[in-house]
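Chains as they are written, first to last, in my numbering: chain R, 1 to 255; chain U, 1 to 520.
Warning: the hint list may mix true and false statements.
As the list claims (entries may be wrong) - From the structure, some residues in chain U lie toward chain R, with a derived Cβ separation under 10 Å: (1) 170; (2) 174; (3) 186; (4) 188; (5) 266; (6) 416; (7) 487; (8) 488.
To be verified - Within a straight-line C-alpha distance of at most 16 Å, the following computed EDC-like cross-link-like pairs (lysine to aspartate or glutamate) qualify: (9) U/480 / U/304; (10) R/176 / U/200; (11) U/375 / R/226; (12) U/225 / R/58; (13) R/128 / U/304; (14) U/66 / U/106; (15) U/480 / U/469; (16) U/68 / U/106; (17) U/375 / R/131; (18) U/135 / U/251; (19) R/34 / R/47; (20) U/344 / R/131; (21) U/480 / U/459; (22) U/344 / R/226; (23) U/118 / U/89; (24) R/177 / U/105; (25) R/128 / U/307; (26) U/72 / U/499.
It is worth saying that the hints were derived from the structure and are not from the lab. For each residue, glycine too, the CB sits at the ideal point set by N, CA and C.
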Amino acid sequence: MGEEMIKPYGDTLNDGMVQLSFTLPVENSSRAKKAAEIYVSRLNFEDVSVVHARKIADNFTYFVVYARAIPILDYSTVKAPEFKIKPMDFYEINEIIKIKLHRPLTVVGATIGSDAHTVGIDAIINMKGYDQDYGLERYPEINAYNMGAQVPCEELLEKAIDVEADVILISQTVTKKNAHIRNFSEFIKLLEEKNLKSRFLLIAGGPGISNDLALRLGYDAGFGPETRPSQVASFIVTKITEQKSAKRKYDGDPP
Amino acid sequence: MAHIPLNTKQIDRLKQLAKEIADQVQTFISRHSSVSVERTILRLYGVDGVDSERTPLSNKIIDKLKKKSRIKSGVSRFFAGAMLASGRDVQTTAELIDQGKIELDDLSRFSHADILEKEKELAQKAAAALDETRKKKQEKLKKYPSPQQPWRYLIVATGNIYEDRIQAKAAVSAGADVIAVIRSTAQSLLDYVPYGPTTEGFAGTFATQANFKIMRQALDEVSEKEGRYIRLVNYSSGLCMAEIAACAALEDLDILLNDSMYGILFRDINMKRTFIDQYFSRLICSRAKIIINTGEDNYLTTSDAIENAYTVTASQLINEAMAQKALLTADLLGLGHAFEIDPKIENAFLYELAHAQLARQLFPKVPLKYMPPTKYKSTDIFYSHCIDTLFNLASITTEQGIHLAGILTEAIHTPHMQDRYQALCSVNYVFNVARELGKEIEFRKDGFIAKRAQQVLDEVEPFLEKIKEIGLMEAIAQGKFANIRRPVDGGKGLEGVFEKAVDYSNPVMEQLEQEGGIHG
Ligand code: B12
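Chain R on its own, in the form it takes in the complex (with noise of 0.2 Å):
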């Protein structure tokens, strides 16, 4: 592949123009401009212009600047996990289901630790779904659990076990100090701890996860923001009956 060199778009290909807006805890004066363009130059831009400048509190200028980028990028070398999953819609998804499983899919989800937050688990998962998208519950061949929030991991997992789910849905949406991620590890460590990891398709969901992220803490896949029912059903009919082919259906195991 060839290389593809990109920089940001003001008005003119490759002008590498930048808005930047930010404080910085000094009193507004030259000083404090002159302040704010050495500091956007030292962040790699160029023909740096401080267009405002004003004081916010004592002590404290807000700015807003224009300035050039200097870094080019080769895009050809930037990669991020995405799946490559075929969007289906509401009825071939119960399609499928039917007829490559034959048996109803069980799905369990919940926002775990001290998250209070159920607007973006529920949108996934109740009938009503989001964006005229319908939620899994409405789905035939799909029986969903939905736990709501401050779930505690072992509560998920019990239940989950309880009715034999093919697939747990975690939801995050406190990202402040990384409770999300340090709730997301949990889960994975209990199932790791209890030998379940593979037992079950794992999906993590809220506007601060990114599927990247997700497969790095150990998840199959994530969503983020604007996401919609059927793309998260898609995904998990689409592993499931992979999954199916590749391995031993899961009904047959010892417990």
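Put chain U with the ligand on the given structure of chain R with help from the hints.
Positioned in the frame of chain R, the structure of chain U with the ligand alone reads:
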């Protein structure tokens, strides 16, 4: 003033229904108390401090009483007895009880009359402390006049009270009139009030009495500098509603988030516990002149803002009726609502105006708390800023009371200093250029806005009738609010609820009830 022609007879009917719903709940409340109410009595008597494991003394004493199976009589008389036994001050007596040097339930040495008198003395001191904070605030308001409404309400949430102080002062210099310190994630689920100044919180700062003091002091300094009174807000939802109200009163706070149902719906706190606790906490707010803010805005984050607008109005009516039972007057009733309609909907702004104006007219004297768009905020901060600007316009046009500034980074993080500044730029701009727009407006009698407001009222009426028929507790259990179901005996904190024995006493509550609302 902007006006929608509404059916006043219907409004009277709605208020009557809400009152009857509140009456039913009050019957339950008056027969019960909770560990948190009992701990509040101790705090108001003057018990403070924690042990080496940072467990508050008030918790330890109530746990002792529970172990001795005497909790049903209430802590007051036993504590009064212990005071007589020790002959010392409140704090020393509490410490002696904790150390096991005084038996908490040994009342045999004292006459009933002596104990009663001691209780009375303690309760009077408690009421006097609440009077004291009310007067202090009135004094300050004379020195630094209250800004005109809508008050500009900004949040700080760094987790570190000293950092919050810097952020708060910055917000005030950019125009904020009210500062709220958001609590650390899940503090509402703690069955005690944490202690001392704190510097480690998650997406918020712990509500402690010491933190209240630190922030109130900082705001007194800026009030002086800016020449206007800056109000301080904290949150009392959760397992410690009344205790936090007591701590807030003791530190001269001005506003408390205090909803009769929020904890049940959004924190899965048991409903019996919540109803009992909110009543005592509101009595305290009333006496200490703390404005309460209710949480109806939250309903619209889990359910659709047009479809479920009637649940907001119904809840406001119920919150009002329950607050009146706790002697809160209209000037202390910050009923909540929000600008949360999906911006993709055509004429969404007209719906918003209809809802905001309806709230204004249903509750003409209260400082309505108007919550900004949050759910449909985008991570495109520039677009989000536009949405906030229209929210600001709706607020000034319909003369809201407490205006929570919308923040352009709402969908990303808790605000940075510059985010607050940007938000206030828009608020200041809109409030200034459209200050008297509302006075110029009359809504067409059969226009979209008037019809929409009427439709909401028409949906509220059968809803309240249904709630009255099945009772508020059952209605919540059936998921009638915010599409969230909470069983009557489910959720956290039920084990802390008990039925009062015949000899139960809570002289603070009695005194506050008997003396009624003291205002002016
Ligand atoms: C609604 C809301 C609340 C409601 C929640 C009600 C409820 N039952 O959920 C209430 C008012 C209770 C609330 C409380 C708090 N909140 Co809040 N809240 C929000 C708000 C406004 C909207 C979130 C939302 O519902 N989005 C809509 C849904 C549909 O989007 P979504 O979650 O991204 O979900 C989609 C995808 O991410 C994905 N997805 C999500 N989960 C999953 C899971 C799987 C398996 C899959 C496949 C996909 C998936 O699919 C969904 C559909 O597309 C956001 C701000 C915002 N606009 O984002 C703040 C926000 C999330 N809250 C925040 C905070 C800090 C809190 C509190 C901690 C504040 C406090 N100190 O008390 C408390 C939480 C207390 C606690 N214990 O957690 C911060 C988080 C900051 C951060 N980055 O850490 C935000 C960003 C606001 C802010 N700017 O400060 N909040």
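These are the hints, each one checked on the structure:
Because the closest C-beta pair between residue 170 of chain U and chain R is about 3 Å apart, less than 10 Å, the hint holds. Look at residue 174 of chain U: its Cβ gets to within about 6 Å of chain R, closer than 10 Å, so that hint holds up. Taking 10 Å as the C-beta contact cut-off toward chain R, the hint placing residue 186 of chain U at the interface holds, the least distance being around 4 Å. Hint status for residue 188 of chain U: holds, given a least beta-carbon distance of 9 Å to chain R, under 10 Å.
Of the supplied interface hints, the one on residue 266 of chain U holds, with its beta-carbon coming within about 7 Å of a beta-carbon of chain R, less than 10 Å. About 7 Å separates the beta-carbon of residue 416 of chain U from the nearest beta-carbon of chain R, less than 10 Å, and the hint is met. Hint status for residue 487 of chain U relative to chain R: violated, with the closest Cβ pair at about 13 Å, above 10 Å. For the restraint placing residue 488 of chain U at the interface with chain R, the shortest Cβ-Cβ distance is roughly 18 Å, beyond the 10 Å limit, so the hint is violated.
For the proposed pair residue 480 of chain U and residue 304 of chain U, the alpha carbon gap of about 13 Å is at most 16 Å, so the pair holds. Restraint check for residue 176 of chain R and residue 200 of chain U: the C-alpha separation of about 12 Å stays at or below 16 Å, so the hint holds. Distance restraint check for residue 375 of chain U and residue 226 of chain R: the Cα-Cα separation of roughly 12 Å lies within the 16 Å cut-off, and the hinted pair is therefore satisfied. Using a Cα cut-off of 16 Å, the hinted pair residue 225 of chain U and residue 58 of chain R holds, with the two alpha carbons roughly 12 Å apart.
Using a Cα cut-off of 16 Å, the hinted pair residue 128 of chain R and residue 304 of chain U holds, with the two alpha carbons roughly 11 Å apart. For the suggested pair residue 66 of chain U and residue 106 of chain U, the alpha carbons sit about 15 Å apart, so the restraint of at most 16 Å is met. Among the hinted pairs, residue 480 of chain U with residue 469 of chain U is consistent with the structure: their alpha-carbon atoms are about 13 Å apart, no more than 16 Å. About 11 Å separates the Cα atoms of residue 68 of chain U and residue 106 of chain U, which keeps this hinted pair within 16 Å; it holds.
Of the supplied pair hints, the one linking residue 375 of chain U and residue 131 of chain R holds, its CA atoms being roughly 14 Å apart against a limit of 16 Å. At roughly 13 Å between alpha-carbon atoms, residue 135 of chain U and residue 251 of chain U fall within 16 Å of each other, so this suggested pair holds. Taken as a hint, the residue 34 of chain R and residue 47 of chain R pair is honoured in the structure, with Cα atoms around 13 Å apart against an allowance of 16 Å. For a cut-off of 16 Å, the pair hint linking residue 344 of chain U to residue 131 of chain R stands: about 11 Å separates their Cα positions.
Between residue 480 of chain U and residue 459 of chain U the alpha-carbon distance is near 13 Å, which keeps this suggested pair within the 16 Å criterion. Restraint check: the Cα-Cα separation between residue 344 of chain U and residue 226 of chain R comes to about 15 Å, which is no more than 16 Å; the hinted pair holds. Proximity of residue 118 of chain U to residue 89 of chain U is assessed by CA-CA distance (about 12 Å); at most 16 Å being required, the pair is judged to hold. The suggested pairing of residue 177 of chain R with residue 105 of chain U is violated, with an alpha-carbon distance near 46 Å, which exceeds 16 Å.
Taken as a hint, the residue 128 of chain R and residue 307 of chain U pair is honoured in the structure, with Cα atoms around 13 Å apart against an allowance of 16 Å. Between residue 72 of chain U and residue 499 of chain U the alpha-carbon distance is near 6 Å, which keeps this suggested pair within the 16 Å criterion.
Going through the hint list in order, the structure does not satisfy hints 7, 8, 24.
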